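Spelled out from the first residue to the last, the chains are:
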Amino acid sequence: MISRLREKGAGDLLKCIQCGSCTSSCIVNTVYESFNPRRIIGSIVRFNKLPEQDPWLCSSCSKCVERCPQRVNPMSIIMALRMINYEDGNAFPSRVVEFVEQIKKSGLIFPLSKESNEKRRLLGLSELKIDEEGLNEVRKILSEAGF
Amino acid sequence: MSMSIYLGCIVRTLYPEVEKAVNEVLNRIGVSFEEPKGASCCAPLGLFSLSKDAWLRINERNMRLFQSNVLTACDNCFASLSDAFRIISEKNGVKVPEVKPFGKFMLEVLGEKEHGLSFKGLRCAVQHSCHLLRPNRDIDNAEDPRIVKSVLGRLGYFSIPYEGELDCCGGLLFEETISKMIVRRKTDELEKSGADCVVTTCSHCMHQLRRVSRLPVLHLAQLSALSMGANPREIGIPDTLLRRIVNL
Numbered sequence: 000m001i002s003r004l005r006e007k008g009a010g011d012l013l014k015c016i017q018c019g020s021c022t023s024s025c026i027v028n029t030v031y032e033s034f035n036p037r038r039i040i041g042s043i044v045r046f047n048k049l050p051e052q053d054p055w056l057c058s059s060c061s062k063c064v065e066r067c068p069q070r071v072n073p074m075s076i077i078m079a080l081r082m083i084n085y086e087d088g089n090a091f092p093s094r095v096v097e098f099v100e101q102i103k104k105s106g107l108i109f110p111l112s113k114e115s116n117e118k119r120r121l122l123g124l125s126e127l128k129i130d131e132e133g134l135n136e137v138r139k140i141l142s143e144a145g146f
Numbered sequence: 000m001s002m003s004i005y006l007g008c009i010v011r012t013l014y015p016e017v018e019k020a021v022n023e024v025l026n027r028i029g030v031s032f033e034e035p036k037g038a039s040c041c042a043p044l045g046l047f048s049l050s051k052d053a054w055l056r057i058n059e060r061n062m063r064l065f066q067s068n069v070l071t072a073c074d075n076c077f078a079s080l081s082d083a084f085r086i087i088s089e090k091n092g093v094k095v096p097e098v099k100p101f102g103k104f105m106l107e108v109l110g111e112k113e114h115g116l117s118f119k120g121l122r123c124a125v126q127h128s129c130h131l132l133r134p135n136r137d138i139d140n141a142e143d144p145r146i147v148k149s150v151l152g153r154l155g156y157f158s159i160p161y162e163g164e165l166d167c168c169g170g171l172l173f174e175e176t177i178s179k180m181i182v183r184r185k186t187d188e189l190e191k192s193g194a195d196c197v198v199t200t201c202s203h204c205m206h207q208l209r210r211v212s213r214l215p216v217l218h219l220a221q222l223s224a225l226s227m228g229a230n231p232r233e234i235g236i237p238d239t240l241l242r243r244i245v246n247l
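In order, the protein sequence lines correspond to chains A and B. Heads up: the first sequence begins at 0 in numbering that gives the first Met the number 0, then just goes up one per residue. Heads up: the second sequence begins at 0 in numbering that gives the first Met the number 0, then just goes up one per residue.
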């Protein structure tokens with residue numbers, strides 16, 4: 000499992016000394032104690048077991064990366080777990096699917112509302128539209144990645 | 000000077016007043032700019048943690064559209080583009096455009112010459128964006144960020160300290176309950192600070208904080224444009240704030 004995580008960019012996770020700097024700097028842990036980066040890494044490096052905690056609860060603030068005294072990159076381990084979860088067919092947040100679908104439609108993660116479009120016109124801003132050829136390039140990249 | 004601008008999906012689709020403010024600033028300091036029409040979402044890593052390859056290819060495509068160095072109006076886009084360009088450069092040995100976040104750009108611009116700015120006196124609490132500071136890309140001090148505060152000072156505003164300045168706003172969390180708990184915690188501190196408004200250089204933070212904040216949440220581009228004499232209504236400065244400004 001460790002080599003599989005490394006392939007996905009988890010770095011040198013065996014340097015972890017389980018000091019807990021990641022957890023004490025984690026904003027998600029502050030409001031929801033069950034999400035605990037130290038335990039996530041502990042599950043892997045001590046018990047060789049995929050953690051039960053949901054990697055999608057990470058806010059990606061990267062404070063754990065900045066504060067780890069061992070230069071382990073806890074966030075990249077969590078990101079690697081997301082990829083493994085995805086490959087293994089586990090569920091991921093519906094908002095991710097919505098964003099990807101929207102990128103396929105317009106190239107951007109949010110649709111342009113009528114109000115926004117009107118406001119753009121009144122402010123003299125240029126029309127917001129990606130040409131069909133460009134959009135098809137983006138769609139091709141996404142579909143080749145399995146989306 | 001000529002630049003490519005990359006405003007990001009949030010500004011382009013939801014906050015045209017911020018786009019207007021960026022345009023106003025660039026016009027007033029005499030920087031010519033173009034925004035590539037075909038540029039797509041930069042697919043920030045939080046979202047594209049499912050496929051690093053797709054994220055890289057999407058930004059390789061964006062990169063081809065830029066004619067010059069890139070100015071971003073969203074720190075999350077800054078992180079996504081600059082990280083992707085660095086990987087592309089290391090992999091292919093090609094020269095890649097420099098990506099500059101709005102705060103750093105302003106700091107350099109304001110250091111060069113006088114821009115006829117007048118004291119505005121607004122008290123601003125800065126929402127430091129995680130992806131500008133961390134992981135450290137040598138843009139600002141990750142534990143004591145100074146860029147946005149320095150720019151505000153030069154533009155004629157005060158910056159007000161508050162508890163938990165370095166805390167994330169939860170804007171990139173996909174779990175709604177926890178995201179709301181984090182942003183409420185953040186806005187409670189911002190509201191206690193005594194500031195007139197919140198200022199950020201990240202459109203994700205701006206979008207997230209505006210969901211619950213009782214204080215106006217502005218992009219640094221809006222206050223920059225205001226200082227440089229842009230029409231406050233066109234750049235989205237709320238009336239409640241205008242009444243507090245000295246030397247309007």
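If you are wondering where the hints come from, they were derived from the structure by calculation, not from laboratory data. Careful, some of the hints might be misleading.
[Unchecked claim] Mimicking EDC-like on lysine to aspartate or glutamate, the simulated pairs with C-alpha atoms at most 20 Å apart in a straight line are:
id: 1; chain 1: B; residue 1: K90; chain 2: A; residue 2: E86
id: 2; chain 1: A; residue 1: K104; chain 2: A; residue 2: D130
id: 3; chain 1: A; residue 1: K14; chain 2: A; residue 2: E65
id: 4; chain 1: A; residue 1: K128; chain 2: B; residue 2: E33
id: 5; chain 1: A; residue 1: K128; chain 2: A; residue 2: E114
id: 6; chain 1: A; residue 1: K118; chain 2: B; residue 2: D82
id: 7; chain 1: A; residue 1: K7; chain 2: B; residue 2: D82
id: 8; chain 1: B; residue 1: K103; chain 2: B; residue 2: D82
id: 9; chain 1: B; residue 1: K51; chain 2: A; residue 2: D130
id: 10; chain 1: B; residue 1: K36; chain 2: A; residue 2: D11
id: 11; chain 1: B; residue 1: K51; chain 2: A; residue 2: D11
id: 12; chain 1: B; residue 1: K51; chain 2: A; residue 2: E132
id: 13; chain 1: A; residue 1: K113; chain 2: B; residue 2: D238
id: 14; chain 1: A; residue 1: K139; chain 2: B; residue 2: E33
id: 15; chain 1: A; residue 1: K118; chain 2: B; residue 2: D238
id: 16; chain 1: A; residue 1: K128; chain 2: B; residue 2: E34
id: 17; chain 1: A; residue 1: K103; chain 2: A; residue 2: E65
Since the structure is predicted, the reported quantities are computational estimates derived from the model, not experimental observations.
Quick rundown of the hints versus the structure:
With a C-alpha separation of about 25 Å, the suggested pairing of K90 of chain B with E86 of chain A is violated against the 20 Å cut-off. For the hint pairing K104 of chain A with D130 of chain A, the CA-to-CA distance comes to about 12 Å; that is within 20 Å, so the pair holds. Straight-line distance between C-alpha atoms of K14 of chain A and E65 of chain A comes to about 15 Å, which keeps the hinted pair within the 20 Å bound. For the hint linking K128 of chain A to E33 of chain B, the alpha-carbon distance of about 15 Å falls within 20 Å, and the restraint holds.
The straight-line distance between the Cα atoms of K128 of chain A and E114 of chain A is roughly 16 Å, inside the 20 Å bound, and the hint therefore holds. At most 20 Å may separate the alpha-carbon atoms for a hinted pair to count; K118 of chain A and D82 of chain B exceed this at roughly 33 Å. Annotation: proposed proximity of K7 of chain A to D82 of chain B holds, straight-line Cα distance about 16 Å (limit 20 Å). Between K103 of chain B and D82 of chain B the alpha-carbon distance is near 17 Å, which keeps this suggested pair within the 20 Å criterion.
Between K51 of chain B and D130 of chain A the CA atoms are separated by roughly 25 Å; this puts the pair beyond 20 Å, and the hint is violated. Between K36 of chain B and D11 of chain A, the direct Cα distance comes to roughly 41 Å. Violation of the 20 Å bound is thereby established for this hinted pair. For a cut-off of 20 Å, the pair hint linking K51 of chain B to D11 of chain A stands: about 19 Å separates their Cα positions. Using a Cα cut-off of 20 Å, the hinted pair K51 of chain B and E132 of chain A is violated, with the two alpha carbons roughly 23 Å apart.
Restraint check for K113 of chain A and D238 of chain B: the C-alpha separation of about 24 Å exceeds 20 Å, so the hint is violated. Under the criterion of a C-alpha separation no larger than 20 Å, the hint pairing K139 of chain A with E33 of chain B is inconsistent with the structure, at around 26 Å. Between the alpha carbons of K118 of chain A and D238 of chain B the distance comes to roughly 18 Å, so the proposed pair stays at or under 20 Å and holds. Between K128 of chain A and E34 of chain B the alpha-carbon distance is near 12 Å, which keeps this suggested pair within the 20 Å criterion.
At roughly 34 Å between alpha-carbon atoms, K103 of chain A and E65 of chain A are farther apart than 20 Å, so this suggested pair is violated.
Hints 1, 6, 9, 10, 12, 13, 14, 17, counting from the list given before, are not met by this structure.
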